Amino acid sequence: MKQFQYQRASTQQGVLETIAKPGTKIIAGGTNLVDHMKHGIIAPDKLVDINHLPLKGITPTKTGLHLGTLALNSVVSEDALVLQKQPLLSMALKAGASPQLRNMATVGGNMMQRTRCTYFYDTTMPCNKREPGTGCGALEGYNRMHAIFGASAQCIAVHPSDMCVALAALDATVIVVGKKGQRRIPFTEFHRLPDDHPELDNHLAKDEMIIGVDIPDNNFAKNSYYLKVRDRQSYAFALVSVAAALDLSGTTIRKVRLAMGGVAHKPWRLFEAEKFMEGKPVSEDTFKQAAQIAMQGAKAYEYNAFKLKLAPASIVEALKHASGLV
Amino acid sequence: MSLQKFPNLYPAKQKPMETEKNHSRPVEESDVKDNSRRDFLKKSALITAAALTPVAAAKAAELHLDERIAGVFEKMPLNVEINGVAHNLMVEPRSTLLDILREQLDLTGTKKGCDLGQCGACTVHVDGHRVNSCLTLGIMVNGKKVTTIEGLAKGNQLHPMQEAFLKHDGFQCGYCTPGQIMSAVACVREGHANSELEIREYMSGNICRCGAYPNIVNAIQEVKEGGLAI
Chain X
0 MKQFQYQRAS TQQGVLETIA KPGTKIIAGG TNLVDHMKHG IIAPDKLVDI NHLPLKGITP
60 TKTGLHLGTL ALNSVVSEDA LVLQKQPLLS MALKAGASPQ LRNMATVGGN MMQRTRCTYF
120 YDTTMPCNKR EPGTGCGALE GYNRMHAIFG ASAQCIAVHP SDMCVALAAL DATVIVVGKK
180 GQRRIPFTEF HRLPDDHPEL DNHLAKDEMI IGVDIPDNNF AKNSYYLKVR DRQSYAFALV
240 SVAAALDLSG TTIRKVRLAM GGVAHKPWRL FEAEKFMEGK PVSEDTFKQA AQIAMQGAKA
300 YEYNAFKLKL APASIVEALK HASGLV
Chain P
0 MSLQKFPNLY PAKQKPMETE KNHSRPVEES DVKDNSRRDF LKKSALITAA ALTPVAAAKA
60 AELHLDERIA GVFEKMPLNV EINGVAHNLM VEPRSTLLDI LREQLDLTGT KKGCDLGQCG
120 ACTVHVDGHR VNSCLTLGIM VNGKKVTTIE GLAKGNQLHP MQEAFLKHDG FQCGYCTPGQ
180 IMSAVACVRE GHANSELEIR EYMSGNICRC GAYPNIVNAI QEVKEGGLAI
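Top line first, the protein sequences correspond to chains X and P. Residue numbering for the first sequence follows numbering that gives the first Met the number 0, starting at 0 and increasing by one per position. Residue numbering for the second sequence follows numbering that gives the first Met the number 0, starting at 0 and increasing by one per position.
Since the hints were made in silico from the structure, they are not lab data. Only a predicted model underlies this, so the values are computations on that prediction, with no experimental measurement involved. A couple of the hints might just be wrong.
Stated by the list, open to error - Listed next, the stretches of chain X that the computed footprint assigns to chain P, with coverage defined by at least 3 CB atoms under 8 Å from CB atoms of chain P:
hint : region
1    : 28 to 36
2    : 44 to 54
3    : 94 to 101
We put the CB at the ideal spot given by N, CA and C, even for glycine.
Isolated chain P (complex conformation) (with noise of 0.2 Å):
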């Protein structure tokens, strides 16, 4: 299956600076007081950027970033291991995991339910365990491995739970599916996969609003009897 790449809402090079100066009308008198709090702060935030983080205050500056600047020094170094590649990102300290995952990386399979925690379609794991990614800040997986539903397949080998995940109809609309897929297979790895019972149990973090349940604790069986080293 081809990644369909969604259009990017936010892109690198927004000059969000430009688009306020296009608004033409008279200069006023606080025109003049604005560009010396301009000037107060670029001064300002460069002494403070200087003692933080020299390198990045200098290109701050040379890019002309002005008030802008206090955004770009929040933003902080992400080193970190996704589907096998390294990636070193900057990121701000708010932007979650799931939000890094989709709109910086265009890993769009992992996807945004809730965003609260509470339906699971945003698991990812993380050093091998799953977790959510829209409660956890990126900042805070630096160092770490994090594997999404892209990182399941081998090329254009499907991983066994995937395979088991069509074969058993694990799904309708599908939006849940690659968070159920994800804790499925933690779910096996842990060994929670037992019993109909112990399936049911360590897969309610994950909500199916089609109600495909039947079918993914099928699936699951399966992948488990198989025996496989998932």
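Just chain X, with the same shape it has in the complex (with noise of 0.2 Å):
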């Protein structure tokens, strides 16, 4: 690992004065930093530690529930207002990593880790996420974990977290701090498309920090769950993930969320799909034809097909846990 300068900040306006100039990155679980360091992805010149602000906390707000950005994975996972209010974010967070790195990984380095495509990980293949212009080493190579939405020709690599795909379903909201101030974005416009520069993975500014997630109150406590599956029954990235939330009435769907991890290059939100669900009764041939709407426009490489047929039943199944039909 190259040798960089370490800082510790204390203050936010620290933070913000610092990250601003190049080689400069924030560290704060370095679950993921490190790892990239060690591979070589990145060699940044100095790394500034907030781990060391007042933004851990958990907070019921007037409309939800407050996450601080440097609420860990674990914490959050395990948290009795998170358990009671958003029961789904728990179980999305549980079903990543392992316990250890749950106990580092915080909600904002969760947002910002990077996509675990095995030619970004080799420096010695083309990939245009980590060195751009050298061409996708995957689009024409072992593409078996790779993205069936919203790919360009420059990046079919996907987003490897599980809790983002809980809160791009959940209706969050991430809040950011540059110079100017504050900003909020909807937490499924935070993560980006590839398009023609995948080596920007979403839209925080270079010198912003995200300081927190907020999660607007809802009704989908009761009927909400995260499938996840995968190689090996644990400690894997998802072939296929899938955020159900709904909200019935009887046996009528008065809301519905629904959203897909290991399938893009950012949290994908199945927008039409629940815009046909709701008002429907639940039944497996509703969720069947919502999963159909969802993966309309769906397109697979040579060794990803089979998430073709994977993904659509992971909607249903996913949805008829959520329901309680299974």
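Join the two chains into one complex using the hints; note that each chain is given alone, in its own frame.
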């Protein structure tokens, strides 16, 4: 690992003044960043440790719940308020990583984690995300883990987070701060599709930092489910994951939120399928039709065509669990 | 069990500059240039140094550390309690907690497996919580309490989890065992050892290549059912 300078930030202002400089990165849990530095994917000149800022809290607000950016994944997943109000988030967090990593990883860091595409990690391979202009190794390579939605000719990587899939489904808002003040970004618009700039994972500006996430109150707590399909039962990235949240009136679907992981460069919210389901009865038939709508526009590559079947089947399965059909 | 000491591959008093000088070769013009460059580096480094950490700067100058000076200044103080003992160390910011434990403190019980946070062999407790020490920068545990596998036993009396691993044969080659045991202790303390399924889920961050999983689960279940405060 290349030598770097380390600075412990004691104020938010201090962080903002430092991060705008080239070669400077924020470190919180470090679980992904240190990994990247070991792999030689990045070599920052300076790390700003933000762990001493008072941004760890999980607090109720007038309209919902606020998660400080430094709240640990393990703490959020077991927090009484989260379990009561947003069990979907807890389920998603517990499906991610390992207990050790969840004890280190933070909310903001989880959002900022980068793809686990093997071509991104292998510095001897071309990768437009790691080194713009070098090409995409996965496009014609071993692309079993890759995207079926929203990919571009430059990049077919997927965002690896589980937490983010739940937060996208739960209409969360990201709060970021820069020198010009605060800015609120809908969670579904925080991450971006690769287009011609796969090196950019999200819309956070270089001189901004995440300070927290707001989740509005809802009536989904009783009927939520996070389904994660992977190569082994635990501690693996999703082939496909589905966050499903239902607000039911008897057996009628009043509101529904659906998002998928492991299928796109960002948490993939299924707006069209949601719209279709609202007002419909809870039934396997409704879920199957919704899944079909959700799959419109899906495109597979040589090794991930199985996702075209796995994804709709997972949507139906997650909805069945959420609604109590199984 | 006595702690076997491995040869220290990174002796503290290494003098790379002297080694360099031992290469006998005729004096060339480049050497003269080198010297003036060195001189410049020395001066400029000293100016920077004086601005940052005067004491260390003066010390480094005394030792004639030359261009190694930058490296000296990049070391930072780390005050950390490890297994109940306070340590005041100087570490490079890039040193992981794992490397500091193994290379600087000879606490080689904590193992380096993948070194990428994937196998769990390096699991230690920081302020009572299990973490991967290979992904933890040492400098970031400043002011915290670290417990490693060496800190579990009380003298010759093994920790109940260590006893249980022995009794149930919770290992074959043993390389993952320190991490497994640290994780297992945390798993019970966290209240995540209530069933075989839960234990398997909450131990999933520790990979055992020999496949001793059933025995590891049995060991954890026994400790959990024993009800001892561990």
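Hints and how they fare:
Requiring three or more residues with a Cβ within less than 8 Å of a Cβ of chain P, the coverage given for the region 28 to 36 of chain X holds, as 5 such residues are present. Chain P is given as covering the region 44 to 54 of chain X, and this holds because 3 residues of the stretch bring a CB closer than 8 Å to a CB of that chain, at least three being needed. Figure legend: the region 94 to 101 of chain X, annotated as covered by chain P; annotation consistent (5 residues with Cβ-Cβ distances under 8 Å, at least 3 required).
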